[in-house]
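K.L.:
Chain by chain, the residues run as shown.
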Amino acid sequence: MSAQNSLTGRGLGGVGEAPAPRRSRLNRRLLGLAAALLALVLLNVAMTPNFLQLQTLAVNVSQVAPVVIVALGMTLVIATGGVDLSVGAVMAVAGALAPLIFGSGWGVANPGLGLAAAFVGPLLVAAACGLFNGSLVSFLGVQPIIATLILFISGRGVALVLTNGNLQTFTNPSFTWLGTGRALGIPVMGWIALALALVVAVVVRKTIYGRYLLSVGGNERAASLAGTPVATVKIWTYLICSTLAGLAGLIVVAQNSASDAARIGNLMELDAIAAAVVGGAALSGGRAPILGTLLGALFIQLVGYTLVANGVPDEATFIVTAAIIVIAVWLQDSRRRT
Amino acid sequence: MAESLLRMTGIQKAFAGVPALRDASLRIGPGEVHALVGQNGAGKSTLIKILTGVYRRDAGEVLWQGRPVDLKSPREAQGAGIATIYQELTLVPQRTVTENIVLGYEPRKPWGAIDWRAADARAREVLSRFGIELDLHRALGSYPTAIQQLVAIGRAASMEAKLLIMDEPTSSLDEKEVETLFGVIRGLKARGTSVLYVSHFLDELFQVCDAVTIMRDGRTVGETRIADTTKLDLIAAMLGRDAEEIRAAGRTEFSVGEQRAGEVFLEARHLASDRRLKDLSLEVRAGEIVGLAGLLGSGRTEAARAIFGLDRVTGGSLKVGARAARIRGPRDAVAAGMAYLSEDRKVEGIVPDLSVRENLTLALLPRLSRLGIVDEARERRVVEGFIKALGIRTADMDQPIRELSGGNQQKVLLGRWLALEPRLLILDEPTRGVDVGAKLEIQSIIAKHVEQGCAVLLISSEFEELIEGAHNIVVLQEGRSVRRLSNPGVTESRLIHAIAEQPDDALEAAQ
Amino acid sequence: MTASLDLDLRRFTRPLGGGTHLTVWVALLALIVLGGLRYDNFLSAYNISSFLGYNSMFLLISVGMCLVIMTGGIDLSVGAVAALASVVAALLSPDGLIVALPGGVATGLLVGAINAGLIVGLRLPPFMATLATMLAARGASLVVSDNRAVSVDWGSDFTTLGMNKIGPLVPWTIVIAALVVVVAWYVLERTSLGRTVLAVGGNAEAAHLMGLKTGRALVFVYLFSGACAGLAGVFLASGYGAGQPLEGQGWELAAIASVVVGGTLLTGGMGSIPATVAGALLFGLVFNLLNFENGLGVISLSAYWQSVIRGAFLLVVILLQVRLARPHPTKA
Amino acid sequence: QTLPPLEQKDSYTVGFAQSESNNPWRIAETKSFQDTAAQCGWNLIVTDAGGSAAKQVSDVDSMIAQGIDVLFLPPREEDPLIPAVKRAAAAGIPVFLVDRSVNPDVAKAGTDYVAFLGSDFVDQGKRAAEYMIEHFEGDAGKIIELEGTTGSSPANDRKTGFDEAIAGNDKFEILESRSGDFSRDEGRRVMETLLQAHPDVNIVYAHNDEMAIGAIQALEAAGRKPGEDVWIYSIDGTRDALQAIIDGKLEVTVESSPFFGPLSCDTMKRYAAGETIEPWVKVEDRIFTPENAQENLAGAY
Ligand SMILES: Nc1ncnc2c1ncn2[C@@H]1O[C@H](COP(=O)(O)OP(=O)(O)OP(=O)(O)O)[C@@H](O)[C@H]1O
Ligand SMILES: Nc1ncnc2c1ncn2[C@@H]1O[C@H](COP(=O)(O)OP(=O)(O)OP(=O)(O)O)[C@@H](O)[C@H]1O
Ligand SMILES: O[C@@H]1[C@@H](O)[C@H](O)OC[C@H]1O
Ligand SMILES: [Mg+2]
Ligand SMILES: [Mg+2]
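Residue numbers (this note's numbering), protein chains in the order written: chain A, 108 to 445; chain B, 22 to 532; chain C, 3 to 334; chain D, 1301 to 1601.
The shape of chain A in the complex, shown without the other chains:
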């Protein structure tokens, strides 16, 4: 234990030998989560019929991908000490817009452009939602849960107004590919989610934005005094979160070949928060364990899959999920007494 020595043998201003970097607390937590995930997989192998099939993987990936994408953004927001309740509503808005765009007269006349616009347009609108949330939080100092509650309440209403409340169904193979296409046997959106997770993880670790993010969440006043552009960082964070939610909305719509403004993204905020927190994020801010979020989402997904696949009744599913959340959060708890 070189760490032990490092506290001794130092005179006035002495430094002593540089000890090996310690395994951080976060890593221990991640290992715990990974172990739990592995245990769950093994349990399924033993218990669940036909578990070891590529199709099982594909099903789980397709079900978890939108949650992962939203949870990535949510993790960033949580890292600032905030929370974004509006993600589900933003999904609905983006999801409602896409078919409106490529299904419009113009979109049908210019399929290529229409398709492009059906991606970009909704994402821009989603970004604008993030800008709105972020501005309320950072310029007006509104508490995040309330600031984002506004769009949580009215965002879905906007989506419903846009579609006049109708379920919009469509056939557009190029768009649907986003939700149903596969590469190497795995749904395309799974690859998208994975790629995004990597990008976000690198952003958090390596970029100045990532560092600012953690300092803003860790101690906003100190960060601000050190010249961190607090407002900008927060606005970008909400913007990123909303844009990712918009993307998830597009994916869900593509998956279903239908956009149901009343339903898309329902309760997504809770799923995303749960994934982030099970993954090790602290709601008080200052931590952004992206890999943890990924594992957390996978874990929750697999729990759900296990219960459904083994015929646990719906009512019991609620209770079992509750128990698992408790155990998962408890196991990785770092606040136990010293």
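Treat the hints with care, as some may be off.
As the list claims (entries may be wrong) - Calculated cross-link-like contacts (lysine-lysine; reagent style DSBU-like; alpha-carbon spacing at most 35 Å):
#	chain 1	residue 1	chain 2	residue 2
1	B	252	B	197
2	B	183	C	215
3	B	409	A	313
4	C	215	B	93
5	C	215	B	210
6	C	167	D	1386
7	D	1408	C	167
8	B	367	A	313
No lab work stands behind these hints: they were computed from the structure.
For this one, chain A is given, so just place chains B, C and D with the ligands on it according to the hints.
P.N.:
Positioned in the frame of chain A, the structure of chains B, C and D with the ligands alone reads:
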């Protein structure tokens, strides 16, 4: 000595495998004022927290009034008659002054409801012992650190304890308040209360303490009657050095050489802010240390905040580098070449969960990154350098800063600003809570930067530091700069006089 | 001069929750005046009493939530707990109010105790702990009710609680809710326990080091919130004739919004019960007003527009608060 | 207690207290009332309870306060809406229950409310089962049942009707029955998972068309052939479902019509004219099969 009130022996404690206490002991007699000294990180606060049930000890024995005890929480400790003022302010900033004083011991009406009238009366009485009067219904957090510290002391002192523990109670107090505090301590002693007193101001110990325990690297390395020792011996024991070696060093590492000051870097004229600053005029030159002196609440911190763009400037003018500057916030200030080490380390300084490295480079980040990517290799080199240069005691640069002792946190924060190579360094109580050794180091680092042409605005409650360190001292009263004293030639009595004289006379003199 | 004026104003507004919480009262009053002027029968006894009856449930959970939030926590389980308690109360209703009422409240207390155990005992973050109990309570209510609404016994006296009024104007439920509000206010303002609640929210570590019984305060708020939700569930069963396992979805957010619009900070340490009451009534009133507006037939607002308007309304209240309640914006 | 009379006049203030607007069926129902309003002389007040029975009662209260002449109420649940029915009656407002009814032990047609207009959810489930029993060609039917929103009455009733109809029939076995929440997305997800666990499934019974479509998507994604190796039976009669029947992916959908506007207008006029209304004004639900899907496609919603 008569039978001990408290006896701790063989105490050990490790955090995540890293030992903080290896073999600590402590013995306090009844009615004794006992000092506990040691370098930053020696384990003083940890020992206190073990005694009061904040942490559980790994090994060792605690005898309280002759009986072995195992206090499990601060509340149990209080129940046993131990009241504590912890090093980090432990009050509730959102709640009122009265509440913070009576919380947990509220006076009741016959039917059990809190008697707020009586509570206010008690609070007023407690505060009056320190000669301060506050709006009892204002949120405590709206008062400066020093006031909060006094409230914390007042609260603890009013608890009728057998042992009162004070972990660096004077770190943010001015001389006057320190005097008052000593009065209170003597009063307690006279009533038979023991006091455990932790401080880095060794001079203080000789004024009030009866005995002293010295700690080094988690061990108790000595215990003696205060009358049998000298400051030099204490320092030597704390550092584990020879007394002669220490004698070579001066009182402070500052010494005002002949003024080689360069051009004026900062010039404030009749500056006023929306806080408490009313009329501040001063100039700071490159290579010069300008001290700000004043009583508690005279607006020194506010002066720094206004200059750094933290408070809204409502009047007057500010020139930076000979040009009129509009500083709208810390970012502007940093861009203009300024750095500000604030007085409240915990609230405005450290980002607790981030590592020493990340804390140290927080302000420097833009310069360490290209296209938004942080050059970590370079970052590590920079941090390595500062850990060495400042003698920061940390397991490694990736240790969360919250796990460092207070003095070492302070050094990291100083490093944060020095790394910027600022042209003006604003230091608000830079050596608060820092041990003698580290203090000298910090002072010498500052001195070195000044030699290299850095301008420094130094706020300090320690006269010694100002007198020996500053080329010029600007005296503040009630938010106005009333006098400017130049070194050499400033003496403690002149300074005290300038600080305390009637505002009207002072203003006249300043005209 | 201004100082003394300030002081007088403060004294005057204190019973309403103090100056910073005043916005919500102003908004509430403004809406009532608007409704009274614009719509016939808006201020009729019928509308007032049914408004109060329905909103007594939200008042209860908002007040419970307020105490929880003051500690810096959150209770997401309230809606599901109300549903569970309504089912339990409905099942007990043949034995009369005297059994069903305590039964429902005890159900709430039980979940509150579990919350407290998870948060204080196992040290889980309140958000996750109560998210779990929200799921569990929902599952339990479905199990207990066998997946469907449970009819109350209309023959027993159980429904009198939810359906009877004192005179034409005052439902019993609002009287009880008001009593609970007063109790909460008293505990908060006049007892050591209440002050500890605020201290924990302000700085939990400091409160612990100050030797306060922080655990007890936390246990109390979650029990209280659970009991409030349980009582709301009893009101639900008694006032609507059935235990409803699926009711209460989104109630937690409504309660949080009421608390926050009342000026309480989610970070804990301060807040006001009277202002929370105003916040809860304010949100209820918006629904009521929208129904009346639709009745005017000038514009028929679709359900979707209604939710857009509700969000916009929340925005307006928040903007007002930002402008009025924070006269001294200071940086950093 | 007698029913409040309704005078004959040109224009009525009419309340329609919708229970929720989170699915196409509900939206079509509301629209049907709005479309009927002008021609029937209604000044229509619509509220939306957002899925909360208690809020629905409170909405009815605010309509009573506004002095409506007639109330059309699709009670979200059987028991919780009884107070609303009783209070409207007490205020002298005739109540017509639409598409769902209330607990007959507590409130009765002819005394508490005028009549119930609607179809029979139990019967819908039964008819889907009967069609399946008649047409299924395999030897053994292994069924996955996708239930509606847990605890909702259409979910409970459609399950009851279906399960009762196949009880005692050895040919059919329900492998698994779980909620898909009446939604396409959830229906698809549940089906995806159940399909992995029960690859031998050859029948899906969905409580509504949205879930049936979700199931079709799940089957296709897994390389199965709905309509060939898995037979799907459903309820509602939406446009997408009729199209799926035409495409050979869906066997049948039992109609559950949301178009209550005209029937309501008609019944109200009859009542105002003094007629005694039968307690249950039955909606004759059609059944859409490959034989008639094409011709009904144009009129579907
Ligand atoms: N909670 C903790 N987790 C990990 N390490 C800790 C913790 N608290 C203290 N330490 C370590 O224990 C050692 C002793 O710290 P302590 O705070 O007792 O020192 P101190 O003598 O009070 O110093 P100072 O004079 O700076 O206050 C330090 O090395 C510190 O880093
Ligand atoms: N004795 C006192 N009574 C009431 N308020 C006081 C007192 N002393 C200071 N204050 C408050 O302190 C604030 C100004 O203090 P400020 O921080 O400027 O003092 P300072 O000179 O920087 O002292 P410090 O060394 O403590 O930082 C004002 O808001 C004022 O209300
Ligand atoms: O058919 C269903 C309808 O009866 C129910 O009320 O809502 C969902 C619909 O699909
Ligand atoms: Mg210490
Ligand atoms: Mg100061």
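K.L.:
Would you mind marking each hint as holding or not holding in the structure?
P.N.:
The hints, checked one at a time:
For the given pair, residue 252 of chain B sits about 22 Å from residue 197 of chain B by alpha-carbon distance, which is consistent with the 35 Å threshold. At roughly 21 Å between alpha-carbon atoms, residue 183 of chain B and residue 215 of chain C fall within 35 Å of each other, so this suggested pair holds. Between residue 409 of chain B and residue 313 of chain A the alpha-carbon distance is near 25 Å, which keeps this suggested pair within the 35 Å criterion. For the hint linking residue 215 of chain C to residue 93 of chain B, the alpha-carbon distance of about 13 Å falls within 35 Å, and the restraint holds.
About 29 Å separates the Cα atoms of residue 215 of chain C and residue 210 of chain B, which keeps this hinted pair within 35 Å; it holds. At most 35 Å may separate the alpha-carbon atoms for a hinted pair to count; residue 167 of chain C and residue 1386 of chain D meet this at roughly 16 Å. Taken as a hint, the residue 1408 of chain D and residue 167 of chain C pair is honoured in the structure, with Cα atoms around 25 Å apart against an allowance of 35 Å. Taking the CA atoms of residue 367 of chain B and residue 313 of chain A, the gap is about 26 Å. The hint holds against a cut of 35 Å.
Violated hints for the displayed structure: none, as all numbered hints are satisfied.
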